[in-house]
Amino acid sequence: MTPVLELRGIDKSFGPVQVLHDVDFSVHPGEVTALVGDNGAGKSTLVKCIGGIHAVDSGEYLFDGKNVHINSPRDAAELGIEIVYQDLALCDNLDIVQNMFLGREHRRGIVLDEDTMEEMAARTLESLSVRTVKSIRQHVSSLSGGQRQTVAIAKAVLWNSKVVILDEPTAALGVAQTAQVLELVRRLADQGLAVVLISHNMNDVFAVSDRIAALYLGRMAAQVRTSDGTHAQVVELITSGRSGDLGLTNGVSA
Amino acid sequence: MRAGPSQEEIRRHNLGALLRHVHLGGPTSRAELTSRMGLNRSTIMALTADLTAAGLVREELPRETGRAGRPSLVVRPESARVYVFAFDVGVDRLVAARVGLGGAILDRRETVRRRGPFSLEEIVGPLAGFARQMRRKTRPDTVCVGVAAAFSGGVDRGNGVVRFGPNMGPAEDVPFAEEMTRRLAFGMPVKVGNDANLAALAEHSRGVGVGCRDLIYLHGDVGVGGGIIVNGQLLGGHAGFGGEIGHMVVNPKGRLCGCGSLGCLEAEVGERTLLEAAGRVPGVPRGASRTGTGRDSGGSQGPDRMPGVSRGAGENPETPLGTVSVTADLGVDGFETAGPGADGRHERLIGRDAVRAVVDAADRGDIVAQAALSRVGDWLGLGVANLVNIFNPEMVIFGGMLREVYLGSAAQVRSRLAVDALAASREGLRLRTSALGDDATLMGAAELAFAQVLADPLEALARAGS
Chain A
1 MTPVLELRGI DKSFGPVQVL HDVDFSVHPG EVTALVGDNG AGKSTLVKCI
51 GGIHAVDSGE YLFDGKNVHI NSPRDAAELG IEIVYQDLAL CDNLDIVQNM
101 FLGREHRRGI VLDEDTMEEM AARTLESLSV RTVKSIRQHV SSLSGGQRQT
151 VAIAKAVLWN SKVVILDEPT AALGVAQTAQ VLELVRRLAD QGLAVVLISH
201 NMNDVFAVSD RIAALYLGRM AAQVRTSDGT HAQVVELITS GRSGDLGLTN
251 GVSA
Chain B
1 MRAGPSQEEI RRHNLGALLR HVHLGGPTSR AELTSRMGLN RSTIMALTAD
51 LTAAGLVREE LPRETGRAGR PSLVVRPESA RVYVFAFDVG VDRLVAARVG
101 LGGAILDRRE TVRRRGPFSL EEIVGPLAGF ARQMRRKTRP DTVCVGVAAA
151 FSGGVDRGNG VVRFGPNMGP AEDVPFAEEM TRRLAFGMPV KVGNDANLAA
201 LAEHSRGVGV GCRDLIYLHG DVGVGGGIIV NGQLLGGHAG FGGEIGHMVV
251 NPKGRLCGCG SLGCLEAEVG ERTLLEAAGR VPGVPRGASR TGTGRDSGGS
301 QGPDRMPGVS RGAGENPETP LGTVSVTADL GVDGFETAGP GADGRHERLI
351 GRDAVRAVVD AADRGDIVAQ AALSRVGDWL GLGVANLVNI FNPEMVIFGG
401 MLREVYLGSA AQVRSRLAVD ALAASREGLR LRTSALGDDA TLMGAAELAF
451 AQVLADPLEA LARAGS
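Sequence order for the protein chains is A and B.
No gaps in the numbering here: position 46 of the first sequence is 46 in the UniProt record's numbering, and each next residue is one more.
No gaps in the numbering here: position 218 of the second sequence is 218 in the UniProt record's numbering, and each next residue is one more.
Bear in mind the hints are in silico, worked out from the structure with no lab data behind them.
Please note that a few of the clues may not be correct.
[Unchecked claim] What the simulated footprint calls covered on chain A by chain B, stretch by stretch (three residues with Cβ under 8 Å from a Cβ of chain B suffice, anywhere in the stretch; the number is not a length):
#1 175-184
#2 197-205
#3 221-232
Backbone N, C-alpha and C define an ideal beta-carbon position, used for all residues, glycine too.
Given only the sequences and the hints, what does the whole structure look like? Please build it.
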């Protein structure tokens, strides 16, 4: 299976500080790829490069096997890449439908096409088997943490996206809500999307991922299939960049 | 030599097949049914006409198709009219529901079952009462086409006698089906199945396992039950007791199981073991205890969630938990209890709530809870690895309280699998949590109750209506 998104040899520096060194990263449709790494390993920078917020210094960016150039978040969104950040970027004073269409409202003539938007929002939530929300006209301020996360994810899925990147979606959630969000993440992939999950929680990573990509000090230590990896291995990759035959040799990708 | 099936048999089979499509797939257009069932358009029309006349389905114009041309009529199940009664007998709860054709729960009643000595009357009484209450509320044009129950115990396929149920506590064989039938007096026999077996079928037909031909469902109640589906069929065994995954011995020198042997999977990963390891069994003094449900101990998201530090404990299932619990005394200041006598609220929790509280505590950095979960996850992974090596399933589903346990110990479970399962067998394996959640067993019972009407719709309906 060809990856839907593939990065090859990505370098990125901020002034004198090189944050990403020769990073390879691939994301496959129908799979959850967990992106793990210690604080400062470069996870967020990598994601921002994918999302077009940072331009890469060098390296190849392939989407559906074709070389593309991403210069802005809009370019990434047009390809079908959506990122759900930790702060979720939802507006508390707007309802669910308004949030999902924020900045991309449907219009009929000069007025907003509320009916169509409502129906699309409802259908998206339905397709994700989200049944915890009472009304889609509820203000976001009245939702629980898990429900907010759900709305933010549904917003990302609404636009026929192909790649959805989730930054710590279960941080700050209770057990019941974490379970719901994890199941939602799994469902997204089972419906054919490529999902990237950033998480520090190894149980979350092992519960839903198909592959694990471990960053270590700005280098990709290894990308392993979750079914072949063990907890101890992944922790070693995160903390020291190598584990047995896997990982970096003298700080350079093997 | 037997002749081929008669016209009548073929028609009966096709009626059942069409009804099953609509029952499991929801409203479906005639055009779709034609292509899915591989039958002629006029055949489909005749079949739907028969089912419509019998009042099992209804045909409607679709709201919008988005395509040009005359829209194909949509066939919907008569959910409000045709229903079954489904019962779920769990260790801690009794549920009765009225489930409409198509799988919609129309009405439900639930009560808590107290753990204690087994009494058939205490189960049959409330369930029969609920069913009668719900039946009184139905409209006169509705029809009940079946009654079935899921029971947390081994059920004899032939006569519905419960032969064992270590966690429910019957000392001898219990004629559950017979007694339910007598008490309900609905004029139809009550079918009974093992709860995990039925849940496996429900997940297979309308849950996360749709389209999977080989799957294994693990159900955690107090113990661990299982349902194994091989090539689309439930593995029942000789008398229907097959699939008792919970009594697979994984640790011959391990803990005593309710069934009498040592080290059954159920004994190593069951609720009691988890709670004991986490120091949360009522009445048992603990080396370390924290009050509350942990929700107010906030602010522990950061370092506690660092991999390798908190989750690394208990790689070895034999980790002496006592040594770990000492360090847990360093817990959040101000939330310590005065002692075992003044224990907090979760001391009295049992069942799902107690398991959830352990996962919650582990997530918030409680080292004892983390060690308990990772120990249980290790054994669970070992059990699943054995199953994967034997059955090579496409999917393993964790249901009941094992949903929480799996999500809270997935790193351990999958590490075990990576080490102990054969690479070729685990390659295409998908690990999933139940899609039907707490209703999996109940929906399984409903499917069992619908089996008759799906096998022979007109005959079953005629019998139910008489």
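Each hint tested on the structure:
For the region 175-184 of chain A, the stated coverage by chain B holds: 6 residues have a C-beta nearer than 8 Å to a C-beta of that chain, and at least 3 were required. Three residues within the 8 Å Cβ limit are the bar, and the region 197-205 of chain A against chain B gives 6, so the coverage statement holds. Given a C-beta distance limit of less than 8 Å, the hint that chain B covers the region 221-232 of chain A holds, as 7 residues qualify and 3 suffice.
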